[in-house]
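Student: Please put together the full structure from these sequences, using the hints given.
Now for the letters of each chain:
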Amino acid sequence: MWQFFHKLGSPKWFFGISTRFMPWLLAGGLLLLMSGVIWGLAFAPKDYLQGNSYRIIFIHVPTAFMAQSVYIMMASAALVTLVWRMKLADVFVKAVAPVGLILTFLALFTGAVWGKPTWGTWWIWDARLTSMLILLFLYGGVIALDRAINDEKSAARAVAVLVLVGVVNIPIIKYSVEWWNTLHQPATFKLTEKPSMPAEMWVPLLLSVLGLYLIFGWLACVRMQTEILSREQRTRWVKEFVTKGRV
Amino acid sequence: MAFDSFSALIVMEGHGPYVWACYAVFFVLMALMMIASVRSRSATIESCRRGYELQAEKSTVAAASATSASFARVNVSQD
Amino acid sequence: MNAEARPAARLASTSVGALAAMKGVFARDMRVAFRQRQDLLNPLLFFVMVVTLFPLGVSPEVSFLSEAGAGILWVAALLSVLLSLDHLFRHDFDDGTLEQLVLQPQPLFLLILAKTLAHWVLTGLPLVMLTPVLGVMVHLDGNSIAVLCLTLLIGTPVLSLIGAIGAALTLGLRSAGVLLSLLIIPLYIPVLIFGTGTVAAAAEGASVGAYLALMGAFLMLALTLAPFAAAAALRISLSNG
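Chains as they are written, first to last, in the numbering used here: chain A, 1 to 247; chain B, 1 to 79; chain C, 1 to 241.
These are computed hints drawn from the structure, not numbers from a lab. Backbone N, C-alpha and C fix where the C-beta goes; we use that ideal spot for every residue, glycine too. Be aware that one or more of the hints could be misleading.
To be verified - One side only, chain B facing chain A, incomplete, derived with CB under 7 Å:
1. Phe26
2. Leu29
3. Ile45
Tutor: Put into structure tokens, the structure is as follows:
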């Protein structure tokens, strides 16, 4: 058990295994995302209330879903950083935070553009839009703090504390923001219920969510590898990888 | 196909600009992020390689100078 | 400076109980603050000035002010607490007292709690006491002013406590002030929403007990969790230098 744990924390082991998985993640992600998007754009039936504008859902929901789950993943990694000081965990947080920021921005942007034909306005101070905006601020804070601290180790630990403080706050923020009367429709996917949409709509949505998940996995691998390479420059295995091209 | 023709797909009964703008921004940003990540990875590898080459050069120079240095005399200014 | 550092040194020589140590830290912070009175006045002046900007910048109409007044006062109070947070650890960090504090045998989070409490007494409490005057100036009615003061009384300690985490994280960094605001403002949002929401409910004649209870829950949560996070952040920041 502990041996596995140590192995999991070893950058070299991760580098090897991620190199093997990366092409599959990228290919699978692109395939799923593309099929979901094309299905959603061209073949899914029109929504009887919102018309064709609802087709934004096939990227809005994946980005919004990913934006939130990336933060949760970062929080789990931050806990691991603080408790076990595992190297890979803080590499993950650092590598993934900008991706989370961009996904949150995309969720907000697509939400705003969707709002224009549906609600007649670009922006509404509605609960879910506002809490996504706050999530964007949280990501921004994490990145800014990471950039501001020069020492790598204390940057990682300070960021971990901030991410954990943020994750304690997220439910509070969500709850307090939802306190207003909301115009936003309830969540599309609930784990406990069957989706209320017809299958021709939610199957492509599920495909694009899964696709974006895989692409995120690929992005995380690439960015973590970059970070690992620059941190472990002095080690023999990195030298071997750089000069001979394999781990 | 939910649309009769390709132009109907583009127009989407007036909602086309919104939908296509969203998809354009999404794909452009995702592509930029993916390209930037890959490029920074290869840039890191490249800078590592240059570092090793520099190191190797330095060590050969150091080795060469070390052999000659044993006979060299260091002049220290006395004034 | 030496005179200020002395109580901390005394704590180290005789190992005192945690409560006595907290008292010592609190008393020292108060004493230091009262020797530099300008630092105490600055957040208050800032508070008054920000509130003044709204009638000038938006509208001096009674109808607008009486509706937006509670929100304006809350935002101004939030900003002035934010402004004063930089002082929470900065001086002690610069003269090395903070390192002594970390080395004390007493749990660090209790000492930080004492420091944060002192910070609140020095900034939050004066803000609350100034609120009735400003409340009259923005045409709030008596009932609203009372509720507003109550929410600020419960809310400003939460601001100080959450702020302590940010102040500890950004300690010793360049451009710490702006960074501090970036990190902390998102975490302040729930307090702001409930603070102003309570006043709005009171203005509509609804009962405010439930809202105040929720704000009390925030306070309890912040009291129990924030000192731990701030202590962890402080240790990280000190090991950084």
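Student: Should the hint that Ile45/B touches chain A count as held when the rule is a Cβ pair under 7 Å?
Tutor: Because about 6 Å separates Ile45/B from the closest Cβ in chain A, which is inside the 7 Å limit, the hint holds.
Student: Should the interface hint for Leu29/B be scored as holding, given a Cβ-Cβ cut-off of 7 Å against chain A?
Tutor: Where the cut-off is 7 Å and the nearest Cβ of chain A is about 6 Å from Leu29/B, the hint holds.
Student: Take the shortest C-beta to C-beta distance between Phe26/B and chain A; is it under 7 Å?
Tutor: 5 Å, holds
In summary, the structure agrees with every hint in the numbered list given earlier.
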